[in-house]
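Residues per chain, in single letters:
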Amino acid sequence: MSTSSGRREMAEQKSIWVFIEHTDDHIADVSLELTGKARELADQLGYEVVGLLCGHDVDALAQDVIHHGANRVLLADHEELALYRTLPYARVAIAEARARKPEIFLIGGTPNGRDFAPRVASALRCGLTADCTDLQIGDYYIKKEDKTYKDLLYQIRPAFGGNLIATIVNPHTRPQMATVREGVMRKPAADAARHGVVEKVTPSFEPGDFALEVLSRQVRKSTVKLKDAPVIVAGGAGVAGAEEFALLRDLANLLGGEVGASRAAVDAGMIDRAHQVGQTGTTVRPRLYIAAGISGAIQHRAGMDQSSKIIAINTDPNAPMFQIAHYRIVGDVAEVLPMIIKSLRERSMDQRDAE
Amino acid sequence: MTDSRPIHCVVLVKQVPDTHNITGEVMTKDGTMNRNALPAIFNPEDLNALEMALEIKGRHGGTVTVITMGPPKAANILREALFRGADKVVLLTDRKFAGADTLATSVALQKAVEKLGQFDLVLCGRQAIDGDTAQVGPQTAEKLGIPQITYAESIIEIAGGKITAQRALDSGSEIVRCTLPCLLTVVGSANMPRPASVRRQMERKLAAAPNEYPALRKQWPEFESDQELEAYLTAHDLKIPIWTAEDIGATEGSIGLAGSPTQVHRINFVVLESTESKTISPTPEAIAAMVAELVHEYIVG
Chain A
1 MSTSSGRREM AEQKSIWVFI EHTDDHIADV SLELTGKARE LADQLGYEVV
51 GLLCGHDVDA LAQDVIHHGA NRVLLADHEE LALYRTLPYA RVAIAEARAR
101 KPEIFLIGGT PNGRDFAPRV ASALRCGLTA DCTDLQIGDY YIKKEDKTYK
151 DLLYQIRPAF GGNLIATIVN PHTRPQMATV REGVMRKPAA DAARHGVVEK
201 VTPSFEPGDF ALEVLSRQVR KSTVKLKDAP VIVAGGAGVA GAEEFALLRD
251 LANLLGGEVG ASRAAVDAGM IDRAHQVGQT GTTVRPRLYI AAGISGAIQH
301 RAGMDQSSKI IAINTDPNAP MFQIAHYRIV GDVAEVLPMI IKSLRERSMD
351 QRDAE
Chain B
1001 MTDSRPIHCV VLVKQVPDTH NITGEVMTKD GTMNRNALPA IFNPEDLNAL
1051 EMALEIKGRH GGTVTVITMG PPKAANILRE ALFRGADKVV LLTDRKFAGA
1101 DTLATSVALQ KAVEKLGQFD LVLCGRQAID GDTAQVGPQT AEKLGIPQIT
1151 YAESIIEIAG GKITAQRALD SGSEIVRCTL PCLLTVVGSA NMPRPASVRR
1201 QMERKLAAAP NEYPALRKQW PEFESDQELE AYLTAHDLKI PIWTAEDIGA
1251 TEGSIGLAGS PTQVHRINFV VLESTESKTI SPTPEAIAAM VAELVHEYIV
1301 G
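As given, the protein sequences belong to chains A and B, one line each in that order.
Residue 93 in the working numbering sits at position 93 of the first sequence; the count goes up by one each step and never skips.
Quick note: to get the working numbering, add 1000 to the position in the second sequence (first position is 1).
By construction, these hints were calculated from the structure, which means they are not laboratory data.
Think about it this way: if two alpha-carbon atoms lie no more than 30 angstroms apart in a straight line, the pair counts; the simulated BS3-like pairs of lysine-lysine are:
id	chain 1	residue 1	chain 2	residue 2
1	B	K1218	B	K1088
2	B	K1278	A	K227
3	A	K309	B	K1278
4	B	K1073	B	K1218
5	B	K1115	B	K1143
6	B	K1096	A	K143
7	B	K1057	B	K1088
8	A	K150	A	K187
9	B	K1239	B	K1096
10	A	K101	B	K1143
11	B	K1096	A	K147
12	B	K1278	A	K342
13	B	K1218	B	K1205
14	A	K227	A	K309
15	A	K147	A	K14
16	B	K1239	B	K1073
17	B	K1143	A	K14
18	B	K1218	B	K1239
19	B	K1205	B	K1088
20	A	K101	A	K150
21	B	K1073	B	K1057
22	B	K1096	A	K144
23	B	K1205	B	K1057
24	A	K200	A	K187
Sequences are here, hints too, so could you generate the full structure?
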């Protein structure tokens, strides 16, 4: 617990916090992406960026957070924090947030981030917005109060209802909390010249915090590398079944790319969730995105509309995906994909003949 | 060794617009969605939570109570819960709950769960398909002052006042053991929800909330007044009770719009930027020309 003078000192320096997730001595990409975004927002506001790092024997990770843009790392090192658990981690965050009063608190939209953030927001009685696709700073006028709130965090996310984007604000409560999925923000390059303060904080647990114990944890290395794939061939509800999905795989292999999917395809059980592109999946920016039988709901488009070139294939000429596509093919996936595959194979054969 | 003690489960469920089956009729010309044209359904992962509770009851005995907060028509999913095997249901409905964000929703749910009294487990779906926030479960657990197991995929055992469960994570899974009472949020891969039983459907088809009495009496004119119908439903355990904000002791400032720290600053239409685009015929020649262009621009190859 910090002293009252410490609190006064903190109150002078407003801050943006980032929850630093890590496994096996490696910081999650999303935490570093958010550190970069926090740096950007903090520079705009004159705030400090603070990484909240809970763990055991994780001192070495603190510098990594600083090199990606943090001024300060709050390091809670304790054997009870070795593996992520809701209550011990939340205890540290809640106590420190109450004492230091951050303006903004950003958390990665991972399963554990989505376990942690609402628990902390509930205890602090503050607002939390899930799966933001953009974060900005701006003002907010409340007519009833005839008052303008300056420099609020605009928490921007697609809203249910088609092509709608909602901007959410929390004018009255602090911190302003938001979760963001991996890949939405760009990870800044590490800069070893950056310096910062590593401040150790001592957790004060209560017996009830250990109600849950982790008996075992299996981590499998994901073999799906959507985020960095140069080409993504993605399928949606318009792909009729496993056989047609195999065509996507063929084409992706031919192009040295990855198979992606819309949520509809994942929910239909055609492909594993690790392949999902979109607001609640992975955000991608490949050189080429082939959307096969994907209608193009905003939640999907939010995760791929930065692709350099987009080919859309759909039987429905009114599919929203066509509006952002560079190549529109009104046709059946089962007929069009084999044509693309054949054309690519013929080209590579011609090339070989020429050599 | 399993507990012989019965386990009392409370399941929190939500009626949602069926965003997974968006048909052409629902989309308007400008690409927005007509929310009212979507059928209202039982949130899919809440069905998995209900199924998990019913399986626990099957193994350990106990009770399954289902609570929903929503408009009066949300009574539909409570009937569905009864048909599937819930013992008791409660409809939280009040204009004062309207406009609630996840925090204000969790206050109402906390108060309702506490009003029910003793429980061992609270279960809910990981998230609802109309918002995908996954926040209400953990926020409710925090307010109830109980631990949480999110992303629960299976229960390994309940014994000695503790539950052992598997959590499904992005990059693997973990097995955790937690003291009861606790709250579980359940993922869709946890189980296959049982269908409604025909027998239960026959037995409980009259189940109704007070706001539905007039409509029900049109179907069953033998009940001459709401009071008469209510007496019958109560005697046969078919009355779906409605709890208001006052009933659960929620203060006005803590629920609904007033209790919501998040506010919608604005809603923007996304104007789809018309990219320079070409329409390609689905013919081998046109496709080959497109591929040639992509190769020429070093996009592929």
